[in-house]
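Chemist: Heads up: the sequence lines are chains X and G, in that order. Here our numbering is used: the first residue of the first sequence is 1, the next is one more, and so on. Here our numbering is used: the first residue of the second sequence is 1, the next is one more, and so on.
Calculated from the structure, these hints are not laboratory results. Do not rely on the hints blindly, as some may be mistaken.
Claimed, not checked - Under the rule of at most 30 Å between Cα atoms (straight-line distance), these lysine-lysine pairs were calculated in the DSS-like manner:
hint : chain 1 : residue 1 : chain 2 : residue 2
1    : G       : K69       : X       : K11
2    : X       : K64       : G       : K261
3    : X       : K64       : G       : K339
4    : G       : K358      : G       : K413
5    : X       : K30       : G       : K261
6    : X       : K64       : G       : K354
7    : G       : K223      : X       : K64
8    : X       : K64       : G       : K275
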Amino acid sequence: MGIVNVEMVSKTIRAFRLGMEGEANDSLVKLIDQITSIITQLPAEVTPKVNLLLEEVFNAVSRKDYLWAADLLEYELYEYIIE
Amino acid sequence: MLSNNKQIIQERWPQLLEVILKSDLSQLHVEISDTEEPTLIIDNIHISSGYNQSAEAILQTERIPSSSKEVWVYGLATGMLPFVLLQRETIQKLYLVILNPAIALLSFTHFDHSDWLNDSRVELRLGRDENSKLQTPMAVCPAELQLVEDESARLRDKVFLALISPYMNRRHSKDNREIIVQIERNIEYISQDGDVQSLFNSQPESSIIIAAAGPSLDQNLSKMVAERDAHIIIAANSALKPLLAASIIPDLVVVIDDDQKIVVPFQSLDGEQLKKIPLIYFPRIPSEILSLWCGPRLTAYSKYSSYDKIREQYPKANLFASGSVLHTATDLAVKMGAKQIIFVGADLAFPNGKLYAKNSGWGDEEIGVAQHWVLDGHGNRIPTRASFRGYLRDLEDYIEQASAEIEFLNSSKDGAEIVGASLWE
Numbered sequence: 001m002g003i004v005n006v007e008m009v010s011k012t013i014r015a016f017r018l019g020m021e022g023e024a025n026d027s028l029v030k031l032i033d034q035i036t037s038i039i040t041q042l043p044a045e046v047t048p049k050v051n052l053l054l055e056e057v058f059n060a061v062s063r064k065d066y067l068w069a070a071d072l073l074e075y076e077l078y079e080y081i082i083e
Numbered sequence: 001m002l003s004n005n006k007q008i009i010q011e012r013w014p015q016l017l018e019v020i021l022k023s024d025l026s027q028l029h030v031e032i033s034d035t036e037e038p039t040l041i042i043d044n045i046h047i048s049s050g051y052n053q054s055a056e057a058i059l060q061t062e063r064i065p066s067s068s069k070e071v072w073v074y075g076l077a078t079g080m081l082p083f084v085l086l087q088r089e090t091i092q093k094l095y096l097v098i099l100n101p102a103i104a105l106l107s108f109t110h111f112d113h114s115d116w117l118n119d120s121r122v123e124l125r126l127g128r129d130e131n132s133k134l135q136t137p138m139a140v141c142p143a144e145l146q147l148v149e150d151e152s153a154r155l156r157d158k159v160f161l162a163l164i165s166p167y168m169n170r171r172h173s174k175d176n177r178e179i180i181v182q183i184e185r186n187i188e189y190i191s192q193d194g195d196v197q198s199l200f201n202s203q204p205e206s207s208i209i210i211a212a213a214g215p216s217l218d219q220n221l222s223k224m225v226a227e228r229d230a231h232i233i234i235a236a237n238s239a240l241k242p243l244l245a246a247s248i249i250p251d252l253v254v255v256i257d258d259d260q261k262i263v264v265p266f267q268s269l270d271g272e273q274l275k276k277i278p279l280i281y282f283p284r285i286p287s288e289i290l291s292l293w294c295g296p297r298l299t300a301y302s303k304y305s306s307y308d309k310i311r312e313q314y315p316k317a318n319l320f321a322s323g324s325v326l327h328t329a330t331d332l333a334v335k336m337g338a339k340q341i342i343f344v345g346a347d348l349a350f351p352n353g354k355l356y357a358k359n360s361g362w363g364d365e366e367i368g369v370a371q372h373w374v375l376d377g378h379g380n381r382i383p384t385r386a387s388f389r390g391y392l393r394d395l396e397d398y399i400e401q402a403s404a405e406i407e408f409l410n411s412s413k414d415g416a417e418i419v420g421a422s423l424w425e
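The following block holds chain X by itself, in its conformation from the complex (with noise of 0.2 Å):
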């Protein structure tokens, strides 16, 4: 089941980890959105997990921390969000 684009991502996470700070950034804002569209049809016990992850995203982005914010993304939400 997926829930949110693989591709996007995997694209997010590749331009954090790359230095890519415009492109990272634009995907994130497309990722969240994504998210944010779909987070009632998450599980209720996962939601608070996700909404938690999702601040330390943004605390992350916005501290400028992208190898973090790339951390978080593919081995603490990735599990809630794709599959």
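Starting from the known structure of chain X, arrange chain G on it as the hints suggest.
Modeler: Showing chain G alone in chain X's frame:
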């Protein structure tokens, strides 16, 4: 520093070791991540992935073609990137550029780098010695662009520009629908207006002021009034209102942006005052500006492919463009024959928390949260935008490549330091 790292650096790059060991770590906040693969968190920035550093490094090496023999790595992180690259037998030389000796000291203290440091193909360099040129093919540890030392700021901006340019350039592709539509809206003007080439070599040996709308413009208006007859003045569109408010009528006005915001100052101009002043413009600017302008209009193009079709239809000369009207105005001044070019209000930063000169019609609220910095003329970090840093470095590169006979001056030390431009006194 770990003894095995230290021993190798001592043997191979003893002078570099001295610089690294002298680093002041007292101002840095350092943590080790509590993750599967611990990494350093320096001033709240993770220097690498905390989960899979080799996968991250493999991804970062994709910028380097498989046939490359000589490669450059900017930033050290945990050392995984040079380690992964050196697995390639085709690589004969790997230059690793340290962007901040203090970060290198921390990394050499917490991680064993001996494997790749021992490789005879490796040469360590300091970013502060590499500011003048970005070398390619390159791979980058991007977190270190946030942690760079002041002395390597120029190099940081060049690396940053190289990383973001492919994405930004897509905006200028010939398939960009918004640009195509805007050019079509302006085609009546473009077909009838003059060619910027008519200005080339028109002012040999002249002194040309390029006025932009940065806050330091205010401090120089009285000097410009006093010396008015000694200079040609080219106004960036944003500087037009502040100049007119100080009773300075520029000789030329340059507009290149498609942003609708820039129309506003043109709506309240005294047409009679400007009826002999040429407007130099790129085909994508808002049509309202062309209809509001009462003086002569001259079209210019840039190298971008978005102008290929219109250029073929109505051939006219090119001017340099790289995001800021400053670039285009500077190139125009050079092509007019200037022997001296003076930047006024070209701050490319927010000195004293301000973005614009008075009377520009725009406020400082646009600054938002400034997360980037650049060095001002006094050597202090001042806030700026990532885009301004890029404009600055492209302007510096332009100056560096310009004829040595042209003198470039900057009227203020409060804005970003423009390397290659001395102070206008």
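Chemist: Could you run down the list of hints and mark each one as holding or not?
Modeler: These are the hints, each one checked on the structure:
{"no.": "1", "hint": "G/K69 with X/K11", "in the structure": "holds, 29 Å"}
{"no.": "2", "hint": "X/K64 with G/K261", "in the structure": "holds, 29 Å"}
{"no.": "3", "hint": "X/K64 with G/K339", "in the structure": "violated, 42 Å"}
{"no.": "4", "hint": "G/K358 with G/K413", "in the structure": "holds, 18 Å"}
{"no.": "5", "hint": "X/K30 with G/K261", "in the structure": "holds, 25 Å"}
{"no.": "6", "hint": "X/K64 with G/K354", "in the structure": "holds, 23 Å"}
{"no.": "7", "hint": "G/K223 with X/K64", "in the structure": "violated, 41 Å"}
{"no.": "8", "hint": "X/K64 with G/K275", "in the structure": "violated, 48 Å"}
Of the numbered hints listed earlier, those contradicted by the structure are 3, 7 and 8.
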